[in-house]
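2 protein chains.
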Amino acid sequence: MGTSTRTLNIGIIGFGPFAQFLAKTMTKQGHFIRATSRSDHSGHPAVHFYRNMEEFIGLEHDVILICTSIVSISDVVKSIPFHCLKKPVLFADVLSVKEHPRQLLLQEVPEDSDLVCTHPMFGPESGKDGWKNLPFMYERVRVRNETLCSSFLAIFEHEGCKMLEMSCEEHDRLASQSQFLTHTIGRILSEMEVTHTPIDTKGFEKLVQVKESTTRDSFDLYSGLFIHNRFAKQQLKNLESALQRVKVTLETTMDKQDGHKCEN
Amino acid sequence: MGTSTRTLNIGIIGFGPFAQFLAKTMTKQGHFIRATSRSDHSGHPAVHFYRNMEEFIGLEHDVILICTSIVSISDVVKSIPFHCLKKPVLFADVLSVKEHPRQLLLQEVPEDSDLVCTHPMFGPESGKDGWKNLPFMYERVRVRNETLCSSFLAIFEHEGCKMLEMSCEEHDRLASQSQFLTHTIGRILSEMEVTHTPIDTKGFEKLVQVKESTTRDSFDLYSGLFIHNRFAKQQLKNLESALQRVKVTLETTMDKQDGHKCEN
Ligand SMILES: NC(=O)c1ccc[n+]([C@@H]2O[C@H](COP(=O)([O-])OP(=O)(O)OC[C@H]3O[C@@H](n4cnc5c(N)ncnc54)[C@H](OP(=O)(O)O)[C@@H]3O)[C@@H](O)[C@H]2O)c1
Ligand SMILES: NC(=O)c1ccc[n+]([C@@H]2O[C@H](COP(=O)([O-])OP(=O)(O)OC[C@H]3O[C@@H](n4cnc5c(N)ncnc54)[C@H](OP(=O)(O)O)[C@@H]3O)[C@@H](O)[C@H]2O)c1
Numbered sequence: 001m002g003t004s005t006r007t008l009n010i011g012i013i014g015f016g017p018f019a020q021f022l023a024k025t026m027t028k029q030g031h032f033i034r035a036t037s038r039s040d041h042s043g044h045p046a047v048h049f050y051r052n053m054e055e056f057i058g059l060e061h062d063v064i065l066i067c068t069s070i071v072s073i074s075d076v077v078k079s080i081p082f083h084c085l086k087k088p089v090l091f092a093d094v095l096s097v098k099e100h101p102r103q104l105l106l107q108e109v110p111e112d113s114d115l116v117c118t119h120p121m122f123g124p125e126s127g128k129d130g131w132k133n134l135p136f137m138y139e140r141v142r143v144r145n146e147t148l149c150s151s152f153l154a155i156f157e158h159e160g161c162k163m164l165e166m167s168c169e170e171h172d173r174l175a176s177q178s179q180f181l182t183h184t185i186g187r188i189l190s191e192m193e194v195t196h197t198p199i200d201t202k203g204f205e206k207l208v209q210v211k212e213s214t215t216r217d218s219f220d221l222y223s224g225l226f227i228h229n230r231f232a233k234q235q236l237k238n239l240e241s242a243l244q245r246v247k248v249t250l251e252t253t254m255d256k257q258d259g260h261k262c263e264n
Numbered sequence: 001m002g003t004s005t006r007t008l009n010i011g012i013i014g015f016g017p018f019a020q021f022l023a024k025t026m027t028k029q030g031h032f033i034r035a036t037s038r039s040d041h042s043g044h045p046a047v048h049f050y051r052n053m054e055e056f057i058g059l060e061h062d063v064i065l066i067c068t069s070i071v072s073i074s075d076v077v078k079s080i081p082f083h084c085l086k087k088p089v090l091f092a093d094v095l096s097v098k099e100h101p102r103q104l105l106l107q108e109v110p111e112d113s114d115l116v117c118t119h120p121m122f123g124p125e126s127g128k129d130g131w132k133n134l135p136f137m138y139e140r141v142r143v144r145n146e147t148l149c150s151s152f153l154a155i156f157e158h159e160g161c162k163m164l165e166m167s168c169e170e171h172d173r174l175a176s177q178s179q180f181l182t183h184t185i186g187r188i189l190s191e192m193e194v195t196h197t198p199i200d201t202k203g204f205e206k207l208v209q210v211k212e213s214t215t216r217d218s219f220d221l222y223s224g225l226f227i228h229n230r231f232a233k234q235q236l237k238n239l240e241s242a243l244q245r246v247k248v249t250l251e252t253t254m255d256k257q258d259g260h261k262c263e264n
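Top line first, the protein sequences correspond to chains A and B.
In this text, residue positions in the first sequence follow my numbering: the first is 1, and each later residue adds one.
In this text, residue positions in the second sequence follow my numbering: the first is 1, and each later residue adds one.
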């Protein structure tokens, strides 16, 4: 078997909706998946679930994949009993913000283990018909075992992802302008309770889709995009001031029309 | 030839992008199109263009279709030399707001002419591959010549539009929640200069499409949606306050996380 199709023992920490979605494809590719999480997911048909973190960490892993929520990763990583590791492994994460886990993992993960920070830019909804051409961002933060890291990235390559090597900082800058903004607009539309009308335009249909897909993700995910991406606050300010500018332009135009009417 | 496929003499007032788009399909269906407008469009290959409004109104029309901008319709209709009409006709409009032209036309159009107010809920972009299943809203405001009105509506029926009979008031209420909101978000995204990134999610791609399609329409069209739809102001307020609520929720969640960290 070539390097890139090597079967991996992957241990997942945090077995929520996104981890379960990833595990399906990883299992299909023949990888061996074990998981641990805060809640009990031991009923899951395809993975071996461990309630006990020490026991889990003591198993033979090639990769330990961190899939917890953004807001809980700090507590979760700090509670990992690294001394129970049998051998150096590749630590990877899939959080939707990147500078935060990068810094945390560099600080907490034992020096002899490798690190790759990743963000698959899709989820259970947008990736439900396969991952072809969907962007997969990664930074090889600390990689000595190139073969192992390549084997892990090959999981996404083989599904046809658009592989994008990029710094975590660059990711967070771009994602604040795109993904965070999208989720914010989705949450605003949800607050407004927007819903289909009999006279929907194509554009409005797209907004309803954005509302539905973003609010399907947990509020933890959304708040994490804000709290742990240092570029997000500025984007929220930009959104507010753009709305104010649009409003002022509309009001000025209306005043001018009124003035024009009065003159006639 | 059955009633519904009768060939009509259609006179268009206001020959901008949307009128030209409509004229293409009407000509294809075999109708005879003449037009007048503020600017000179006499080079147009498929329609007979008249620079002189009196001459234009004095021609034999079945339908006079008003396609000017929302903000100019009042001036345009008030300047129509109705006394030059050869016979009673069907006046129709396609403005993206409906109470405003309805009231104006009821006031200005001679009592013996009929009136139908319509809004094709699509444009040159969303309707470029045909009009099948695209919503077409109309109110039969003052119709005595049923045959003529049906022949006019048949133009849209034959292309497969979803025909929706609805009051102009109901249209404006619904359109403020859908189309006006969509255009406002498009204009906000344009103010923010959002643009594709290498790591676009599917949701963000939809927002970029909304930005591109709404800003392709004139600013006159957008400001008309606000100024002449009495429900739009409330929607803009709703958007502002929804943004504030989302912001406060994010900030409160962040403060709680910070507080929690300090306790540890
Ligand atoms: N959903 C997506 O489309 C998507 C796409 C790309 C990346 N991601 C990233 O993938 C990760 C998981 O996302 P998700 O959609 O599954 O939902 P999420 O709400 O972001 O995270 C849920 C996961 O976090 C764990 N968790 C939450 N609070 C915890 C706590 N206090 N202590 C320990 N564990 C805790 C949950 O454990 P239990 O299940 O055991 O309760 C579950 O495994 C996130 O970092 C997210 O940013 C998600
Ligand atoms: N675009 C769409 O997708 C769409 C869809 C449904 C309904 N509509 C409605 O269709 C109408 C036309 O829309 P549009 O997209 O073509 O662009 P628009 O900017 O809304 O209107 C352009 C038209 O208005 C005329 N006009 C503008 N200012 C005028 C003035 N001061 N005096 C006289 N005429 C004036 C222009 O005449 P000249 O060309 O001669 O300068 C042109 O015919 C609008 O009422 C709009 O709400 C548009």
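Since the hints were made in silico from the structure, they are not lab data.
Among the clues, some could well be false.
No copy labels: a pair is met if it fits in one copy or bridges any two.
Keeping only pairs whose Cα atoms sit at most 25 Å apart, straight-line, the calculated BS3-like set for lysine-lysine is [claimed, not checked]: (1) Lys28 / Lys233; (2) Lys202 / Lys233; (3) Lys132 / Lys233; (4) Lys247 / Lys237; (5) Lys128 / Lys202; (6) Lys247 / Lys132; (7) Lys233 / Lys247.
Computed from a predicted model, the values in this text were never measured in an experiment.
Evaluated hints:
For the identical chains of this complex, Lys28 and Lys233 are neighbours neither inside a copy (40 Å) nor across copies (53 Å), given an alpha-carbon limit of 25 Å. In this homomeric assembly, Lys202 and Lys233 come within 25 Å of each other (Cα to Cα) only across copies, at 23 Å, whereas the closest approach inside a single copy is 31 Å. In this assembly of identical chains, the alpha carbons of Lys132 and Lys233 never lie at most 25 Å apart, being 32 Å within a copy and 43 Å across copies at closest. Taking CA atoms no more than 25 Å apart as the test, Lys247 paired with Lys237 passes in both settings, with 15 Å inside one copy and 10 Å between copies.
In this assembly of identical chains, the alpha carbons of Lys128 and Lys202 lie at most 25 Å apart whether taken from the same copy (23 Å) or from different copies (12 Å). In the homo-oligomer, the alpha carbons of Lys247 and Lys132 never lie at most 25 Å apart, since the shortest distance is 40 Å inside one protomer and 35 Å across protomers. Proximity of Lys233 and Lys247 under a CA criterion of 25 Å is satisfied in both settings, with 21 Å inside one chain copy and 10 Å between copies.
Of the numbered hints listed earlier, those contradicted by the structure are 1, 3 and 6.
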